Structure formats: structure tokens, C-alpha cells
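> So the sequence lines, in the order shown, correspond to chains A, C and W. Everything in the first sequence is counted per the numbering used here, starting at 1 for the first residue and increasing by one. Everything in the second sequence is counted per the numbering used here, starting at 307 for the first residue and increasing by one. Everything in the third sequence is counted per the numbering used here, starting at 662 for the first residue and increasing by one.
Possibly wrong hints are sitting among the right ones.
Derived DEER-like restraints, expressed as beta-carbon distance ranges [as the list claims (entries may be wrong)]:
id, chain 1, residue 1, chain 2, residue 2, range
1, C, S567, W, L958, 47 to 57 Å
2, A, T108, C, W583, 27 to 37 Å
3, A, R235, C, K658, 38 to 48 Å
4, W, P833, A, S128, 54 to 64 Å
5, W, L721, C, D641, 45 to 55 Å
Which bits of chain C does chain A cover? Going by a derived footprint, with three or more residues having C-beta under 8 Å, they are [said to hold, decoys possible]:
id, segment
6, 503-513
7, 644-658
Derived by calculation from the structure, the hints in this document are not laboratory data. Note that the structure is predicted; figures quoted are calculated from it, not measured. Beta carbons are placed, not taken as given, at the ideal position from N, Cα and C, and that holds for glycine.
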Amino acid sequence: MEIAVNILLTIATAATPLLIAAMGELVVERSGVLNLGVEGMMIMGAVGGFGAGYLTGSPWIGLLVAVAMGAVFSLLFAFMTLTLATNQVATGLSLTLLGLGLSGMMGTSFVGQPGERLPNLDIPGLTSIPVVGKLFFGQDPVFYISIALTIAVAWFLFRTRTGLTLRSIGDSHTSAHALGIPVLRYRYLAVVFGGACAGLAGGQLSLVYTPQWVENMSAGRGWIALALVVFASWRPWRVLGGAYIFGAVWIGQLHAQAFGIPVPSQLLSSLPYLATVVVLVLISRNKRLTMMNTPASLGQPFVPDR
Amino acid sequence: MKRLLIALMTTTAALSVAASAEAADKLKACWVYTGPIGDFGYSYQHDQGRLAVEKALGDKVETAFLENVSEGPDADRAFERLAREGCNMIFGTSFGFMDPELKAAKKFPDVKFEHATGYKSADNMGLYNARFYEGRYVLGQIAAKESKTGVAGYIVSFPIPEVVMGINSFMLGAQSINPDFKAKIVWVNSWFDPGKEADAAKALFDQGADIIVQHTDSTAALQVAEERKLHGFGQSSDMIKFAPNAQLTSLTDEWGPYYVSRVQAALDGTWKPDNVWLGIKDGAVKLAPFTNMPDDVKAMAEATAKKISEGWNPFTGPVAKQDGTEWLKDGEVADDGTLLGMNFYVKGVDDKLPQ
Amino acid sequence: MRIELVKRPQRSVLFSALSPFIAFVLTIVAGAILFALLGVNPLTAFGIYFIEPVSQVWQLHELAIKAAPLILIAVGLSVCYRANIWNIGAEGQFILGGIVGSIVPVMFPTLEGPLVLPLMLLLGMVGGAAYAAIPAFLKTRFNTNEILTSLMLVYVAQLFLDWLVRGPWRDPQGHGFPQTVQFNASAILPELFPSSGRANWGFVFALVAAVLVWILMNRVLKGFEVRVLGSSPRAGRFAGFSLGRMVFFAFMLSGALAGLAGISEVSGAINQLQPVISPGYGFTAIIVAFLGRLNPLGIVAAGLVLALTYLGGEAVQSALGISDKVARVFQGMLLFFVLGCDTLIHYRIRLVGFGASRIEEAR
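For reference, chain A alone in the conformation it holds in the complex:
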């Protein structure tokens, strides 16, 4: 039992940054914008979060700075793609490039310094309950934020008027504009929200997952987050499921190795990626269902005509 709980906790830590970044990107894509710069925003969040936590000694301030860092960095993308109507794919890729470079430059003096880890929750009486205690009441704060975020996004998108408006913009920006909805203002807010989430995910990396700063420490997690959004066919709860499935495969292959299963480690390492492809295929096979959920104007620039 102990081992099962531990494995679940490990999976949760591995899945949380993917979940948060993907949840942000989901909102961005629901508004009809494709931001491929998640990796760049994430790494900026990681360096900002670590730096602030290290300099002030407070991981909480670190977490806030991580969020702010991602949000500010995403403004650059928003200005380019929304105000100047540049190509979203290319702009997103350059955002990643810029983020990886800038974070490396900013983080030079943080290398080799142990950081502050956000403490795990510890509620007297509850955390010590066998099995469920640790799972439900003993994890790090960002885990709870990620669950709350999922609930909030699901509620916002499908239960509020603003969420409905946001989705309608993603489906057709021209008709939304014709109805007098300020398309660009909505998209600006969505992009900045996505940036804040990516920053938070980065902060989780450098303040919880591995409390330290090293270059490229996001190691491709931003891309996985992007994959999860499509994987989930733009539905918040499926993002949660996808993040945990991916985390389970990821951790599972390490356990398989430690267990001594005689399969080349390269094959095991490629399992999470192959699994993503397979699930993508399974999910998108039903053309009508995907079409229904895919924001129709995804990736297309919008310039209001006056």
C-alpha cells in the first residue's frame, strides 16, 4: 500500500506542471489563439520563481514572481500576434527560443545554489490518516492549485457567460466581432492567463519538483503540455486525465527499469511519446466529435475591420 501511495504521489508531482501549463494553453486555444511558446514561458517562470525565492528566502514570493514572469513574457506574444497580427506559429516558436536564451542569461548566478522548496501541506489529524491522508492532505500547494484551476476553468468555460463568449470568439472571430464583442481584448486576457499558468508550471519545477535552477530544466515539458491540449480535445477534465496518464507512463517506465524488465531503456523512454501518438489517434478518429470541440478559428490572425 505504502508503495502505491508513493507512486501516486510521484505521478502527481510529475503531472502537475503539465496539467497547469496545458490548462492555461487550453484557455488560450479556446479563444482561437495558438501559442507554441509554452516552453519559453515555462522556463522564464522557472528562472524567475527560483530567483525570487532564492533572493527573498520565501518560496511563496517565488511562486508569485513565476506567475508574473510568465504573464509578462506572454504579453510580448500577445502584442505581436494580436496587435500586429503576425503568424502565431512562428511567433510562438521565437518566444520559446527567446525564453530559453534569456532564462539562461538571467540564471547564471543561480547555478549551484540550493533553492527554497514550497512546504507540503500538513494538517494535524488529517495528513496522518493512512493512505488517503498523504494523497489528499499532504501534498505540495501547487498540486491543490492545479486541481482548483481545473475546476475553475471547466466552470468558467462551460458555466459562465464570459466563458461562452470566449468560446464563441474561438469558433468564429468574425461573427463575434459583428456582435460587438471586443475580440482582441478577450484574446489578450486569454493569452496572459495562459502565460501566467505556464509561469506557474515553471515555478512548480524550480520550487517543488526539483528546487534548483539549471539551464533548460523544463526539458521539453512545454511541448508535452501543448500535446495534452489536443489530446484532451480542448476539454478541461480530459486535460487532467491526460496529464495523469502521461505522468503514469513516464513514472511507470522508470519503475519497469528498476524492476529489471529486460527491454532496451530507449524503448521504455520513448513509450510516453508513442502513447501520446496512439491516444491522439484514438481520440481524433471520430471526426465529428473533434470538429465540434476544436476552436474553428484556431491559429488565424484577426484584424477587426473598421
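Starting from the known structure of chain A, arrange chains C and W on it as the hints suggest.
This is chains C and W only, laid out in the frame that chain A set:
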């Protein structure tokens, strides 16, 4: 525009003249690193060596480096650039640079080249490497003493001889204390991915290991050990700051003394290409202070390290291969050639080497 | 104050020509600020960064070596992107090209003769195209998003190469190190001008591919089909063009070119397979494709410019001790400015003050 170009051209020309005039009375020593110097691991330690040269030899030397250099044409270009920019001595710090460095050595016979961890040399290209396996034997002994479950978790990067040698030496050390000692091995297929290393450490702990050994560069695994109140060993640099209660010791690379001596030799005009394999006795392989262990274990570790520094080789027979066949007869010592190309496990390793 | 875009009735010829220069000037200004912040005289830094690499013959060769794979891959990608098909897995196709092309020299190391090299190049293209056909197949058959499948397949390709060179294809005489045998002379792509530098035929392939694809896109019906389907799939269907076939065509063409780049790099520059054969060419090429505005001839220029930023980055690193991260920041900035300035081609920019907008609203 044209005028600006000419102005720029003359400035650079003037600068390069100034640079080469300066280089005439100074020795310029240069390094090529495979990773970023911000990795706090392999490349970081080599750069610490470069800084040690600057510190020790002051204005007699000038140094430069290129970091994050990929194998292949980028490496070709890196060596050519440094040779052309007036470096008198170039250190290539990774196995993947062997062939590019050799090409450059043939092309620039007046430049002194040194290559780490490979096996090809030339009249102006020497080889150097460190016997990290010496330290790993000591780690094995400590692990066997300190482990309650009798199982260590071993996080490894890639199956190259250097890594295989390390696993074997660790196991021999551990078995010298506890013949039934086991190690669970996880390949993460990366030198550097903190998240994955942390996950691997958790998986290994969950499966019953209570000590972590790593042949990867980040501090993540040790931080996990700290969190779980278990133990582990650092790698490349002293990681005690990251795990004050978990680190038993750290197997560190100290390239400084070697680099200083080689650059000094070049300054004195006594530099000759050599093929050295430095160990504990040369100060290139260093064990960080033994902490978080009882005094008797500490004394044992110190005694073993001393024995090795006095010339004893951990690969001394009798040693059997994984399948039980004899590798080294009683008292026989492994030759360096076999070690450098090692692609088999010794008895007791619970893993299958990719062939 | 606010920025508003006003669509031009037609694309501005003036700004199509001017925008790269404006972008360049902006990059220089931003770069100067960056260097100044790092405590380096910007004039000195720029001299070393941009002028020195093109003022020495050996560096021109290196420029060609670095630019060749970028151009080859980007030219193929431009066809995809024009057709609105998002192949971002060129890195994987590059690797598979390198692997499949190396079957000959690795498995038959004694095979020699003039046919070896053409066979390798052909196999390289086949390997890249076949690997690119996977996301194309998944997209047409199962409607799977190609951005993600092509990207996931990159990781798989990298691990497959890693397994090959550490396992079955490892050189038995290589002291256990992860690399294949060195290719024999007839499996090595020859150098163009061996007396002055290392540049090999890969660069020529890149130029030829750029010209051929330019002709394809501008002078042949197929190119028209690509553009029509890319800008409006509906109109394309009315014209009788098949989107499914276009997906395969674009993916496999770009895969073949990426594969050719892969085998050229392995054969010409590395001369053996090793665990890593690309420092991310497949991803950088995406930037090159956009920097060249998806025009094959523009891509040649863009590839050279980007290669220059790498060489220049190394030059300032060794001469001034500036971090290699600067090169990446530079590339990011350059691309941002180019993308931003290209807006001027299709739009006029109007600055709207708060007073003005109120008047507009009042109307």
C-alpha cells in the same frame, strides 16, 4: 552604409592586431565544453579547472572557452576557431570531440592539444582522463555498510565504458562488505534532466532501495533523498548544500591541478603529449568530506581511499563476470585497455547491458 | 494611445522590400543595447559578430556547412506551411534520413565504388519521406493533429538512433564507445574546394533544392494547388484538388529534403553515426522558413543569416567571453522584428489617441 562597414572592418582589424600582439608574450589556453558551464556538473567542473589556471598563473596566461558545443561539424569549427584565434593550447573535454580535435591537431601542428576521455592521440595531442571508478569502489563500501535493505538505487545516463566501469567498481566495493548486496539500475538516457532524475530516484526508493548513487549530473536525486530522510552520493561537484543530511560523500572531478600543471609545462617549454589516467592520488578524483555516517564507516572509507591512492586497484582478482565466468584470476589486476573499453558487468549486477 | 491596423488595398511593394532592412536595423539597435548592458562596446561586438565571420575564407566555408541543412529542411517546410500543413517534426525526419542513408556504409562497410554515395543519398531521402508519411497518414486517415504527432516522432527518432549506435550498429573496434564505423572514402560526400575549407556538396544540394522548389511553387500547376489549398481548402476542393493527397505530397517532399539534409550531414560532415547528429537543425529550420517568408529563395538568404548568428555567437564567446545564450536571444529578437515588420506589408499602422477613439465611437 559602406563607410560604416569600412569603419567596422578597420576596428576589428585593429582589435585583432592588438589581440595577437598581446598573445605573443602570453600563453593562451582554451577549452571546449560539451554542455553549458551552468550545468553545475561535468562542464561546470572543467570550467572551475580553467578558473583555477587563471588564478594560479595570473597574467602569464589568457584563457577562452566555447560552451555547449555539439559533436560533429560544430566541434570541428570550435577547434579550428580557437586554433586560428591564437590559442596555444586547447583542451577538448568530451569523448565526442576526439575526431574533430584530431583533425585540428593535424592541421595546426604548432598548437598543443589535450583530449579528455578518448583514445586517439597525435604528436601534438595528448590524452587525459580520470579514474572515477576508484572513488566508486569507496562509495560501494559505504553503501553496503549504511544500507539497511541491502539494495542501492543506481541512476545512470548512457551505457558507455566509463559508466559501466563505475557500476562494476561500485558493486565490487559493496560486495566486499556484503556479498549479497544488490543494485537496481535505471537508465535515464540523459546526462542532465533534473525532473527525470528526481523521478528515477523516487521510483528506486519506492522499490526498496535506501541509498542513491548516480552517474548523472544534477542534484535532483540527492534532494529527493534529503526529503525522504534517506542517503545518497553526490556527483561531479560537492552537493552538500543541496542535501546537508542526505549526502554521505560526493565523487568530485577536480581538473584544476592537472590543468595548472599542463599549462605551466607549456609555459616552461616542457610540454609533451602524454596519456595520463589520473586518480585519487593525483587529486583529480576527490571524495567530498564523509558526513552523515558513523565514525567506523568513515574510518573504513578513509582507509580504502588511502589504500587506493597508494596504488591498489579495485579491479583486482578474483572477479567473475555477470554470467559467472572468470574474468580476473586471484591477484590479477585489470589492464587499462580492458577497463577503457569495458562493456560487460561483473557478477551480481542485476541489469542487462544493451549490446 | 493604441495601435490599430488598417488593411491595405493591396500588399505594399515598398514595404516588402524595406521590411527586412527595418527589422535588421531594429535588431542592431536592440543588440547594441544588449551588448552595452553586458558591458561590451557594441561596435566591437558587432564587428566580431557580423563582420569577422564573413571576412575570412575558412569561415565562409563553415557558414556554408552550417547553412546547408537549415536551407534544405526549411525549403521543404515552406511547401508544407504554404499548404497550411504544420510539419514541425523535421528534426526526426532528418535523423531517419541519416540512419537509413547510413545502412549502406554501416552494414556493408567494404562496399566501394561510385554508386555508393548516390545510393546513400537516395536512401536518406526515402527514409526521411517515409518517416514524414506517418503523420501524413495519421492526419488523412484518422484526422490526427500533425503538429503533435510529427513532434512526438522526433523524440522517438532520437531514442531509436541512440539505441542503434549503442547497440546493434556500434563499431566493434570502437572501444565500446557509442558510434558506428567510420565511413570509407566512397561513402563520404566530397568537399567542394578542399584547399580552402571544409564546405561539402551539401550546400550545393541546398541551393539546387531551393531553385527547384521555387520553380515548383511559382511555375508549375502543383505549386498553384499548394497555395490554393493552403489559403482556402474550400476553394481548393471546388477546383478539384484533393486535400488528402496534398498532405502526403507536402509531408513527403519536406521529409525527403530533411532526410537528404540528414544523410548529407552524416556523410559529409560527421563521417559516421553517433548518438546525436543534429544540434536541433529541424527546429531552427522552422525559423529559417519563416525568416525567408516561406519563399525558397528568401530561405537561402535566411539560412545564411541564421548560420551567421551561430558563427558570430561563437566568435564573441571566444573573443569577448560573452555567453552562448546571447546567440539564441539574438535569433529570437531578429525573428520577432522580421515578423513584426512584415505586418507593414499588408497593413498600415495607425496610432490612435484616446481622444480620437472617442470621436470614432461617437460616430
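> Look at each hint and say if it fits the structure.
These are the hints, each one checked on the structure:
1. Remark: the range hint 47 to 57 Å for C/S567 to W/L958 is upheld by a beta-carbon distance near 55 Å.
2. For the pair A/T108 and C/W583, the beta carbons lie near 33 Å from each other, so the given range of 27 to 37 Å is met.
3. The beta-carbon spacing between A/R235 and C/K658, approximately 42 Å, falls within the hinted interval of 38 to 48 Å.
4. As the Cβ distance of W/P833 to A/S128 is approximately 58 Å, the hint placing it in 54 to 64 Å holds.
5. For the hinted restraint 45 to 55 Å between W/L721 and C/D641, the CB-CB distance of approximately 47 Å keeps it satisfied.
6. Residue count for the segment 503-513 of chain C with a Cβ under 8 Å from a Cβ of chain A: 10. That meets the three needed, and the coverage hint holds.
7. Judged by the Cβ-Cβ criterion of 8 Å, the segment 644-658 of chain C is covered by chain A as claimed, because 3 of its residues qualify and three suffice.
Taken one by one, the earlier hints all hold for this structure without exception.
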